[in-house]
Amino acid sequence: MSLNRREFLKFGGTTAAGVAIGARGIDVAPVEAAATSLKIKEAKVAHSVCPYCAVGCGQLVYAKDGKIIDIEGDPDTPHTLGRLCPKGAATIQLSNNPLRPTKALYRAPGSDRWEEKPLDWMYTELVKRYYDTREKHFIEKEKGKDGRDVTVNRLEAIASLGSACIDNEEAYLLSKFNRTYGIVYHEHQARV
Amino acid sequence: MTTNLIDIQHADVIMATSNMAENHPVGFQWVMKAKERGAKLIHVDPRYTRTSAAADLHVPIRSGTNIAFFGGLIHHAIENNLYFKDYVVHYTNASFLIDPAFKTATDGDGLFSGFDTSKKTYDRSTWKYQLDADGNPKRDLTLKDPHSVFQLLRRHYSRYTPDMVERVCGIPKAKFLAVAKLYCEHSGPEKTGAITYALNLTQHTTGVENIRALCMLQLLLGNVGRPGGGVVALRGHANVQGATDLELLFHELPGYMAQPLRDVHPDLATYLDKETPKGGYWINKPKFFISLLKAFYGDAATEKNEYGYQWLPKRASADAYSHQHIFVDMYAGKIRGFLAMGQNPAVGGPNAKLARAAMQKLDWLVVNDIFITETAEVWKAPGTNPKDVKTEVFFFPMAPAAEKDGSLTNTMRLIQWHEAAVKPPGDCTSDAAFIVRLAHRLQKLYAGSKKDRDQGFRAANFTYGEHPDEPNMELVLKEISGYAARDIADKDGKPLYKKGQALSTFAHLTDDGATAGGCWIYGGVINETPDGKLVNRAASRKPADAKDYLGHGWGFAWPANRRLLYNRASADLTGKPWSEKKKLIWWDPQAPGAPDKPGKWVGLDVPDFNALLAPDGKNGDKPFIMRADLVGALFGPLVDGPFPEHYEPVESPVVNLLSKQQRNPVAKIWEVPDEKNVLAPVGSKEFPYVITTYRLTEHHLSGVMSRQLPFLAELHHSHFAEISHELAGELGIANGEMVTVASPRGKIHVRAMVTSRLKPFVVDGKKVHQIGVPWHWGYKGIDALPGSKGDITNDLSATVGDPTVFIQETKAFVCSVKKGVV
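Protein chains in written order, with the working numbering: chain D, 1 to 192; chain P, 1001 to 1822.
Hints were generated in silico from the structure; no laboratory data involved. Backbone N, C-alpha and C fix where the C-beta goes; we use that ideal spot for every residue, glycine too. A couple of the hints might just be wrong.
[Stated by the list, open to error] Okay, the calculated bits of chain D under chain P, using three or more residues with CB under 8 Å as the criterion:
1. 79-88
2. 97-110
3. 135-143
[As the list claims (entries may be wrong)] Derived EDC-like pairs: lysine to aspartate or glutamate, alpha-carbon spacing no greater than 16 Å straight-line:
4. Lys1747/P / Glu1686/P
5. Lys1085/P / Glu1190/P
6. Lys143/D / Asp1263/P
7. Lys141/D / Asp1452/P
8. Lys1287/P / Asp1511/P
9. Lys1287/P / Glu1303/P
10. Lys1450/P / Glu135/D
11. Lys1423/P / Glu140/D
12. Lys1390/P / Glu1419/P
13. Lys1819/P / Glu1722/P
14. Lys64/D / Asp1319/P
15. Lys145/D / Asp1267/P
16. Lys1181/P / Glu1079/P
17. Lys67/D / Glu1419/P
18. Lys117/D / Glu1392/P
19. Lys1451/P / Glu140/D
20. Lys1287/P / Asp1512/P
21. Lys145/D / Asp1319/P
22. Lys145/D / Asp1263/P
23. Lys1103/P / Asp1145/P
[What the hints assert, rightly or not] Computed spacing ranges between beta-carbons, pair by pair:
24. Glu116/D / Thr1117/P: 55 to 63 Å
25. Glu1675/P / Lys128/D: 31 to 39 Å
26. Lys1387/P / Glu116/D: 19 to 27 Å
Please build the complete structure, drawing on both the sequences and the hints.
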């Protein structure tokens, strides 16, 4: 009996895969019994990707009652074969962590503390900052090298940094927002 | 990277230049697999690490001397006739003739022809090909012409002898020759080698030239586009590749197209004329660019208004707006508001003290992150009285990947979809939700504006699906991938796409406003059936198998699901694999191809080439399709030269032995007031040691995603500096005691890890000490675990940059080390 790594991990990881191993002629009953007693029993599984380095290890995220209960490597992933490093194996604590803030926070000028604020208030105030800064500092036209007026539609008083930690779709939306708003100080971790 | 992690197993030799075993541990399994198959592993790194432990040969190198090392290998390959001649002659520009007025740095004592001493820039007018009467580059296929790229390359690297490598890099000559033999002998039809790198090569004032040097070595040895070969770029963040493709960068728009410059690109026609090369696949740039404008501005982008081109911001200069420019300009008061989304410059960027001082001058700061970062609490930074910081701070709590839908592009260009397992708690949202909420609310304020300058922003769509505040991420990916902006028919009038339907490939993008596509290289990641069903190829999950070792059914690799770039180079001129052992794609003359003519490229990967272009067709033997001349660039003009030249880091304990030019003559050095960017002189007695920064397996970058996780935070006792027994002995430092590491910018207090993993180097007969310091620590962490907090290593680094991309020099600068807390 020889199992490749993917089969081996499935063997230990989920009840469904235990059945697949059964076809290979070993007794799966004890394994199934052990697996059904695991905490991931009846959990919903989502396919995910490790959020740490750029190897992009496939992950399986198990959730029950709206809470993540386990995250492990996805053995089907061709380039990682279900392996995770210490950071990948700790991914669950990005979600389940008493230090994680779940409220929007505001710090007033000169203050020495955060204040919890409703999200709606946060957006309303932030939008005013963006709007006022743009109105005050926008550069519509500028003299070019040859002395002629060039339309430049540029806003230099707001900068944007990040992120190599957000999704492609988010990176695109931020790229689109900053560019259509005129922001040119627009960077992320790839530069450094 | 040009290749794929899985394919590393086919290498015969691997040269790791970063600490892959500890920083990309799961990817490193393919290096180990190659070793099981008989490959040799060389590790070139100042420190002995777990990568060295797995290596056949560990080669300690003084930080900042990579070009001297690679130049030595290029010299060795050429002078010993070890390069892959057929590949070099036909697949690179080695045979191309250069302007006779061009002079190498061997002739100019470290300078190429055209240097303007007063402006400190190059006039690059001699760095060009000789052209024949038809405008094509002149070539000499014998490679003997003294003006051929090959002979110039040979002349340029004639100084990079094994003796010189020993004197500059501190690598004993015998050891260097052993590496040169081991690496270069694995070249040719039957053999390939791969080189891995990470920030070890990029964070230098010669960063881009470092990478070019290794690419040139790979081209000389015929290691690009072939199984087991390649340039293995190992990126550090989950989506640093994707965020680069989508261009969260000042200088380019999504899909690697220039952000317009005021003095170069005043209008769309000029932009397209200047930015579209005359050859190679980039001749299609107008299609990609106009489709991008359509994706940004929608129906408001019309032929009449240059598809909205004038709404795009134009840069005032090419030397502006980069990460380091941001903090210099912020400190000067020019920037008033700042969004830090998933980035922590109070710790993670160079000269972090300057970054914090700059942020304390802002009117307002927005931080979006999973945890409260040092950046969010810049008003609590050590030595700061919160009362003095008048900056308003808005903190929005964010959701990690497991709580949202979306895709990440890994280091091998593989786009992988992740699904939300749960809803984020409390006020936490995706970053996407934040952006569209901000945009929608702002758009309301401009709703009545009649000003030209506001019309682009008013026209931009930020609604994807039914819920304006909760975008459907597959619809965002569809816009990135490309869709029909109106009904499209073929030339016979047969309908191809309905308005709004996703395009199946970037080859269907057009320059007439009929298509929209936010990032052309992602074209085809979303497909759509005629009845409107989306097929998300990033979410495809078919494991690899014996028939498809590269796993084409898992995710979607840009471009067009190709797993090895430039893979036409895996076959010879006639389209046959160079060898059976190294086959990847090949020309099958019998395969059903075009309707009128059989023949097609087939094999184990999607061809990175026109699949129907026969080897004997026009340009059918030129693999490097993204280059205007269709060949790999041994001669490749950058800002600082067409061949990489060794210069010492801006801060160095030694003089440059290769030329009179001490440092990169066009390096970017920022002047910052208030002594915020003081540099040590060459050979400083006050700061005599080389310092390099690095990362650890158990921590992540600036620590946001590790120092507040108990599983990880407890794995390292405390912040530390690695110091050799020899240096510790000289300074009387015992293992574990506190030391002070200082540079002209700042100082940190850390524990000494006295180790034999580092050894002093002998540089031109003199002993040079080097220390290593990880950079994960900051003033946030877990209170119950004091070791999770620590001083900020980047307080030591300087605001200096590579002249092409402005990356900083954190891998090689100078410091002092003192016993105790002083």
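Hints versus structure:
| no. | hint | result |
| --- | --- | --- |
| 1 | 79-88 | holds (count 9) |
| 2 | 97-110 | holds (count 13) |
| 3 | 135-143 | holds (count 4) |
| 4 | Lys1747/P / Glu1686/P | holds, 13 Å |
| 5 | Lys1085/P / Glu1190/P | holds, 14 Å |
| 6 | Lys143/D / Asp1263/P | holds, 9 Å |
| 7 | Lys141/D / Asp1452/P | holds, 11 Å |
| 8 | Lys1287/P / Asp1511/P | holds, 4 Å |
| 9 | Lys1287/P / Glu1303/P | holds, 13 Å |
| 10 | Lys1450/P / Glu135/D | holds, 14 Å |
| 11 | Lys1423/P / Glu140/D | violated, 42 Å |
| 12 | Lys1390/P / Glu1419/P | violated, 40 Å |
| 13 | Lys1819/P / Glu1722/P | holds, 14 Å |
| 14 | Lys64/D / Asp1319/P | violated, 52 Å |
| 15 | Lys145/D / Asp1267/P | holds, 15 Å |
| 16 | Lys1181/P / Glu1079/P | holds, 12 Å |
| 17 | Lys67/D / Glu1419/P | holds, 14 Å |
| 18 | Lys117/D / Glu1392/P | holds, 13 Å |
| 19 | Lys1451/P / Glu140/D | holds, 10 Å |
| 20 | Lys1287/P / Asp1512/P | holds, 8 Å |
| 21 | Lys145/D / Asp1319/P | holds, 15 Å |
| 22 | Lys145/D / Asp1263/P | holds, 6 Å |
| 23 | Lys1103/P / Asp1145/P | holds, 15 Å |
| 24 | Glu116/D / Thr1117/P: 55 to 63 Å | holds, 59 Å |
| 25 | Glu1675/P / Lys128/D: 31 to 39 Å | holds, 36 Å |
| 26 | Lys1387/P / Glu116/D: 19 to 27 Å | holds, 21 Å |
Violation of the numbered hints given earlier is confined to hints 11, 12 and 14; the remaining hints are satisfied by the structure.
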